[in-house]
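> Residues per chain, in single letters:
There are 2 protein chains.
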Amino acid sequence: MRFEPAATRLTPRLPNPGPLRCGPGVATGMRWLIEDTLQRLRDSGLPLHRRLVHAGDTVYRCGEAFRELHVLHSGFFKVVTVTADGREQVVGLHFKGDWLGFDGIAAGHYTCDAVALDVGEVWSLDYEALLALSVSEPGLTGMLHAAMSRQMARERESILSLCTLSADARVADFLRQWVEALDKRGLRTDRITLCLSRAEIGNFLGMTLESVSRALSRLAREGVIDFAEKGRRHVRIPDPGAINAYIERSLAQASAALQ
Amino acid sequence: MRFEPAATRLTPRLPNPGPLRCGPGVATGMRWLIEDTLQRLRDSGLPLHRRLVHAGDTVYRCGEAFRELHVLHSGFFKVVTVTADGREQVVGLHFKGDWLGFDGIAAGHYTCDAVALDVGEVWSLDYEALLALSVSEPGLTGMLHAAMSRQMARERESILSLCTLSADARVADFLRQWVEALDKRGLRTDRITLCLSRAEIGNFLGMTLESVSRALSRLAREGVIDFAEKGRRHVRIPDPGAINAYIERSLAQASAALQ
DNA sequence: CGGGCCGTTGACCACATTCAACGCGTGTGG
DNA sequence: CCACACGCGTTGAATGTGGTCAACGGCCCG
Numbered sequence: 001m002r003f004e005p006a007a008t009r010l011t012p013r014l015p016n017p018g019p020l021r022c023g024p025g026v027a028t029g030m031r032w033l034i035e036d037t038l039q040r041l042r043d044s045g046l047p048l049h050r051r052l053v054h055a056g057d058t059v060y061r062c063g064e065a066f067r068e069l070h071v072l073h074s075g076f077f078k079v080v081t082v083t084a085d086g087r088e089q090v091v092g093l094h095f096k097g098d099w100l101g102f103d104g105i106a107a108g109h110y111t112c113d114a115v116a117l118d119v120g121e122v123w124s125l126d127y128e129a130l131l132a133l134s135v136s137e138p139g140l141t142g143m144l145h146a147a148m149s150r151q152m153a154r155e156r157e158s159i160l161s162l163c164t165l166s167a168d169a170r171v172a173d174f175l176r177q178w179v180e181a182l183d184k185r186g187l188r189t190d191r192i193t194l195c196l197s198r199a200e201i202g203n204f205l206g207m208t209l210e211s212v213s214r215a216l217s218r219l220a221r222e223g224v225i226d227f228a229e230k231g232r233r234h235v236r237i238p239d240p241g242a243i244n245a246y247i248e249r250s251l252a253q254a255s256a257a258l259q
Numbered sequence: 001m002r003f004e005p006a007a008t009r010l011t012p013r014l015p016n017p018g019p020l021r022c023g024p025g026v027a028t029g030m031r032w033l034i035e036d037t038l039q040r041l042r043d044s045g046l047p048l049h050r051r052l053v054h055a056g057d058t059v060y061r062c063g064e065a066f067r068e069l070h071v072l073h074s075g076f077f078k079v080v081t082v083t084a085d086g087r088e089q090v091v092g093l094h095f096k097g098d099w100l101g102f103d104g105i106a107a108g109h110y111t112c113d114a115v116a117l118d119v120g121e122v123w124s125l126d127y128e129a130l131l132a133l134s135v136s137e138p139g140l141t142g143m144l145h146a147a148m149s150r151q152m153a154r155e156r157e158s159i160l161s162l163c164t165l166s167a168d169a170r171v172a173d174f175l176r177q178w179v180e181a182l183d184k185r186g187l188r189t190d191r192i193t194l195c196l197s198r199a200e201i202g203n204f205l206g207m208t209l210e211s212v213s214r215a216l217s218r219l220a221r222e223g224v225i226d227f228a229e230k231g232r233r234h235v236r237i238p239d240p241g242a243i244n245a246y247i248e249r250s251l252a253q254a255s256a257a258l259q
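Note that the protein sequences, when read in sequence, are chains A and B.
For the first sequence, this note's numbering assigns the number 1 to the initial residue and increments by one for each residue that follows.
For the second sequence, this note's numbering assigns the number 1 to the initial residue and increments by one for each residue that follows.
Everything labelled a hint here was simulated from the structure, so no lab data went into it.
A quick note: this is a predicted structure, and the numbers were derived from the prediction, not measured.
For each residue, glycine too, the CB sits at the ideal point set by N, CA and C.
Treat the hints with caution; some may be incorrect.
[What the hints assert, rightly or not] One-sided and incomplete, this derived list gives chain B residues near chain A with beta-carbon spacing under 7 Å:
1. Asp103
2. Leu133
3. Gly139
4. Leu140
5. Met143
6. Ile159
7. Phe227
8. Glu229
9. Arg232
10. Ser250
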């Protein structure tokens, strides 16, 4: 049995016309979509600037003139903003098939740093050339817009997680996102390697590194995850469903508090 | 004198090549950009479906088939997601000149509700028609992409605020954003009307309505804001700079705690 | 060996949430 | 007309989650 959430309904008097509600849909065809994106870029005839990166390398830096968009062929990447007062914030994590650099379009220069977290390959392509080719190749535009739309959806998911989940649930949700991303790309999800430090995870989730560590320990104690013998960045996920169950449980506990 | 933030540096060993750091740039020409957007849409010859809305009216609803993008001509709007488990989250606030509906591009249907907070006017235009016209009118594509890019920047700013600021500072930052948005649109910023309830503000900022109320009271006590005689949604802002000062002060206090 | 860096854990504390009571304006029905 | 309920906002007191500070262990590298 599920109770009303504690917060007052925000749009109470709006008559809800039918069951249009929906959650974030998990596209099972995502894997093909990503391969298709990469294939179409190869086939497009656009000059692709391929680049190998190592952990710590930047794809682009805040302030650099915007000319190129970047499509990730492999690896793991973080996008970081640095404010004028020195706050540093991880605002996104990115994987194979994702596009980077959209933040530069409006400003004319990049407004974030994009940093590789592991070895990987980046395909960079000239934005103007892409636009020019899009005129004769309308599918490219659709692909680009869909990528931007998906990115916005992910950022909204981050906001949702930050606003509605407890620290523990946020860490669990972070793992869920990571596993889901791997799954969509056809990578194994039973043994994963977080290529982020506890401090980076905490920064991304709006909490301290100690809280991340404690949350992971609790998750391990409850059997949701399992630390492999060597290294505390390697995590076994016996059952991906258990992560969702954990998140839902912590939500249910919150509402159970009101009897 | 400014101290290192409490959190460990996330990219410590990366040699920082020069002073490329930058904050979110405040475009002073924003007002013209917005008018220009609306003008170009009028001139484009695209069939614009103009619609008047009242507080509570939806521009679109989650689940509806995506066909149109919407440009706001006047008014105030919120974008809300509802999760499968019933959590409701305000993920964005929007003003004149903003575009709505990008979330529908990737999924083929909208994944959020867009709701008017006050009377306003929305211009809706067919997405496919826009794409078709963009082929002969390349400026339209640039305009569209810039709008999407700007929206992503704003979402990242929300994440930044949620992750790095205390509850009080978050409320102050919310006011700052609101005032900045009005300023960019040439509206008066010394007397503003929040057309959101405390519950909605709290939801958007990841805190409870009580905390919002307390934060606003504290801001008033410190003279940063001033409640007009009638109604607690009407706020006087004697000096917009004081809001920034308040946010910086609360950041400085946090780092001053470490001696 | 010593010194970083990373991760974990414990003790303490503060900030934000929870719960409750109250004031105010508004709309509604006796 | 007043009584009443209801939504919205404010404020106080108690509680608890997550932050702060500190100590410790493992690992890698000079």
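> How about aspartate 103 of chain B: closest beta carbon in chain A under 7 Å, or not?
holds, 6 Å
> Hold the hint about arginine 232 of chain B up to the distance rule: shortest CB distance to chain A must be less than 7 Å.
violated, 16 Å
> Please check whether glycine 139 of chain B passes as an interface residue: C-beta within 7 Å of a C-beta belonging to chain A.
violated, 11 Å
> Could you check if phenylalanine 227 of chain B really has its C-beta closer than 7 Å to a C-beta on chain A?
Violated. Min distance 22 Å.
> Double-check serine 250 of chain B for me: the hint is only fine if its C-beta lies closer than 7 Å to a C-beta in chain A.
violated, 11 Å
> Can leucine 133 of chain B be said to touch chain A, with a Cβ gap under 7 Å?
violated, 12 Å
> Would the hint on leucine 140 of chain B be counted as holding, given a Cβ-Cβ threshold of 7 Å to chain A?
With a closest approach of 11 Å, the leucine 140 of chain B hint is violated.
> Would you check whether glutamate 229 of chain B satisfies its interface hint, that is, whether its CB is within less than 7 Å of any CB in chain A?
violated, 26 Å
> With chain A as the partner, please determine if isoleucine 159 of chain B meets the hint condition of a C-beta pair closer than 7 Å.
It holds, given that the least Cβ distance between isoleucine 159 of chain B and chain A is near 5 Å, below 7 Å.
> Return the status of the interface hint for methionine 143 of chain B: holds when the least beta-carbon distance to chain A is below 7 Å, violated otherwise.
violated, 10 Å
Hint check: violations occur at hints 2, 3, 4, 5, 7, 8, 9, 10; the rest are consistent with the structure.
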